[in-house]
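**Student:** Kindly generate the complete structure, drawing on both the sequences and the hints.
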Amino acid sequence: MNIICPFCDSTNVEKIEIKEIIKVPFCDNVVISHPTFRCSNCEEEGDFDNSLDKALTIAIDKANNMSALSLMEELSHNGITMTYLEKALRLPFRTTSRWKRGEISHSALALLRIIRVSPRLLEVADDNFSPEAIAKYQISRPLDFFEKNTTNPWVSLTLEQNLLGICFTGNILSSVPHSTVQEVKWETA
Amino acid sequence: MVAQSRKPYYDLSDLVQSCAIRGMVRVSKQAKDDAKGFGFGTETRIIEFVSLGVFESIEHNNTDVLDHDPDKGSPFDAYIFRIGPTKHVYFAFYKRHNGVWIIKSFHLPTFGDKAPPLSHSPFKLLEGMKK
Numbered sequence: 001m002n003i004i005c006p007f008c009d010s011t012n013v014e015k016i017e018i019k020e021i022i023k024v025p026f027c028d029n030v031v032i033s034h035p036t037f038r039c040s041n042c043e044e045e046g047d048f049d050n051s052l053d054k055a056l057t058i059a060i061d062k063a064n065n066m067s068a069l070s071l072m073e074e075l076s077h078n079g080i081t082m083t084y085l086e087k088a089l090r091l092p093f094r095t096t097s098r099w100k101r102g103e104i105s106h107s108a109l110a111l112l113r114i115i116r117v118s119p120r121l122l123e124v125a126d127d128n129f130s131p132e133a134i135a136k137y138q139i140s141r142p143l144d145f146f147e148k149n150t151t152n153p154w155v156s157l158t159l160e161q162n163l164l165g166i167c168f169t170g171n172i173l174s175s176v177p178h179s180t181v182q183e184v185k186w187e188t189a
Numbered sequence: 190m191v192a193q194s195r196k197p198y199y200d201l202s203d204l205v206q207s208c209a210i211r212g213m214v215r216v217s218k219q220a221k222d223d224a225k226g227f228g229f230g231t232e233t234r235i236i237e238f239v240s241l242g243v244f245e246s247i248e249h250n251n252t253d254v255l256d257h258d259p260d261k262g263s264p265f266d267a268y269i270f271r272i273g274p275t276k277h278v279y280f281a282f283y284k285r286h287n288g289v290w291i292i293k294s295f296h297l298p299t300f301g302d303k304a305p306p307l308s309h310s311p312f313k314l315l316e317g318m319k320k
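Protein chains in written order, with the numbering used here: chain A, 1 to 189; chain B, 190 to 320.
Honestly, the hints are just simulated from the structure, not real lab data.
Note that the coordinates shown come from a computational prediction; the quantities given were computed from them, not determined experimentally.
Be a bit skeptical, because a hint or two may be false.
Some chain B residues close to chain A (C-beta under 8 Å, calculated; not the full set) [said to hold, decoys possible]: (1) R211; (2) G212; (3) R215; (4) S217; (5) K218; (6) G230; (7) T231; (8) E232; (9) T233; (10) P259; (11) V289; (12) I291.
Taking lysine to aspartate or glutamate and the DMTMM-like style, the derived pairs with C-alpha atoms no more than 25 Å apart in a straight line are [to be verified]: (13) B:K218 / A:D49; (14) A:K15 / B:D258; (15) B:K225 / A:E45; (16) B:K218 / A:E14; (17) A:K54 / B:D223; (18) A:K23 / B:D222.
For every residue, glycine included, the Cβ atom is placed at its ideal position computed from N, Cα and C.
**Tutor:** This is the structure we're talking about:
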């Protein structure tokens with residue numbers, strides 16, 4: 001059966017193999033080789049007979065799902081065990097075991113990526129999203145920057161007539177910041 | 190060029206409803222490539238998104254006629270809608286004589302107040318501080 005180009009009605013259509021680079025967050029790019037139709041008349045390309053896009057979608061999903069394992073290994077390496085993650089997020093225990101076996105949903109993968117960007121969110125979840133934990137998380141972001149890029153980081157708080165002031169001070173490091181956690185001194189006025 | 194005051198030629202909801210019928214909506218290669226910048230990896234994913242009919246802050250941008258074959262002279266509609274907190278999409282489509290809808294554009298607006306400023310690179314400063 002001749003394939004008809006949906007863009008120009010030409011039957012001058014060929015099936016070609018193209019390579020596509022899929023960007024997988026926190027992992028190396030994945031090259032997926034997949035078939036597609038190409039019209040020699042109008043030069044449009046695509047799934048002209050609705051048979052090819054499904055396989056491409058599965059391949060993209062597979063490439064993304066494969067990144068879950070390395071994300072979990074990275075979190076574990078940084079001291080966040082999967083048991084703690086399950087506890088903090090109120091997930092059924094052994095959920096992450098299924099993720100490791102490749103049984104991971106889109107939403108679970110998105111959650112892992114968010115945790116990878118900001119592991120401290122787990123502390124907020126672990127504290128049942130209490131206002132105190134949320135406030136601590138929010139204030140931690142600039143503090144993280146200071147911890148990594150300054151020596152003697154210092155935070156001072158002022159409270160005057162219901163006006164809260166926060167001041168971060170520190171000596172900026174000239175070299176690449178090291179990852180050693182430094183003690184942060186808090187001072188309230 | 191047609192004046193921007195011209196009203197849309199098509200009913201947008203017709204396009205949205207057609208997305209439910211396999212093969213009735215197609216996305217041009219250029220639009221597919223551009224849509225990757227918004228995280229749409231496949232044609233199916235773009236059509237699924239359009240089928241939701243959820244276009245935030247949508248505004249009719251333009252209605253004009255195609256100037257190239259095979260559908261030269263056919264009218265197309267262009268809209269701009271918001272996607273996410275700050276980005277906007279220029280979205281243009283038309284209907285072929287055989288009833289198939291073609292999404293011909295899906296990219297950032299190139300001019301106007303919805304277009305991203307060319308100099309907008311707020312993280313350059315931070316990158317410099319890392320070095």
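**Student:** Checking one constraint from the list: CA of A:K54 to CA of B:D223, max 25 Å. Satisfied?
**Tutor:** Cα-Cα ~20 Å, so holds.
**Student:** Given a cut of 8 Å on the nearest C-beta pair, is the interface hint for B:I291 held or broken against chain A?
**Tutor:** holds (7 Å)
**Student:** Using Cβ atoms only, decide whether B:E232 comes closer than 8 Å to chain A, and label the hint accordingly.
**Tutor:** holds (6 Å)
**Student:** Please verify whether B:K225 and A:E45 have alpha carbons no more than 25 Å apart.
**Tutor:** Satisfied, since the Cα-Cα distance of roughly 15 Å is no more than 25 Å.
**Student:** Should the hint that B:T233 touches chain A count as held when the rule is a Cβ pair under 8 Å?
**Tutor:** holds (5 Å)
**Student:** Below or equal to 25 Å on CA atoms is what counts here, so check B:K218 against A:D49.
**Tutor:** Given that 25 Å is the threshold and the Cα spacing comes to 15 Å, the pair holds.
**Student:** Checking hints one by one. Is B:R215 an interface residue toward chain A, by the C-beta closer than 8 Å rule?
**Tutor:** holds (5 Å)
**Student:** So, as I understand it, the hint says B:S217 touches chain A; can you test that by seeing if any CB pair is closer than 8 Å?
**Tutor:** holds (6 Å)
**Student:** Holds or violated: are the alpha carbons of B:K218 and A:E14 at most 25 Å from each other?
**Tutor:** holds (15 Å)
**Student:** Can you verify the interface hint for B:G212: is its Cβ closer than 8 Å to any Cβ in chain A?
**Tutor:** holds (5 Å)
**Student:** Against the 25 Å threshold, does the CA-CA distance of A:K15 and B:D258 hold or violate the hint?
**Tutor:** With Cα atoms ~23 Å apart, A:K15 and B:D258 stay inside 25 Å; holds.
**Student:** Under 8 Å is the threshold here; is the Cβ of B:T231 close enough to any Cβ of chain A for the hint to stand?
**Tutor:** The hint holds - B:T231 has a Cβ within 8 Å of chain A, the shortest such distance being about 5 Å.
Going down the numbered hints, you'll see the structure goes against none, and every one checks out.
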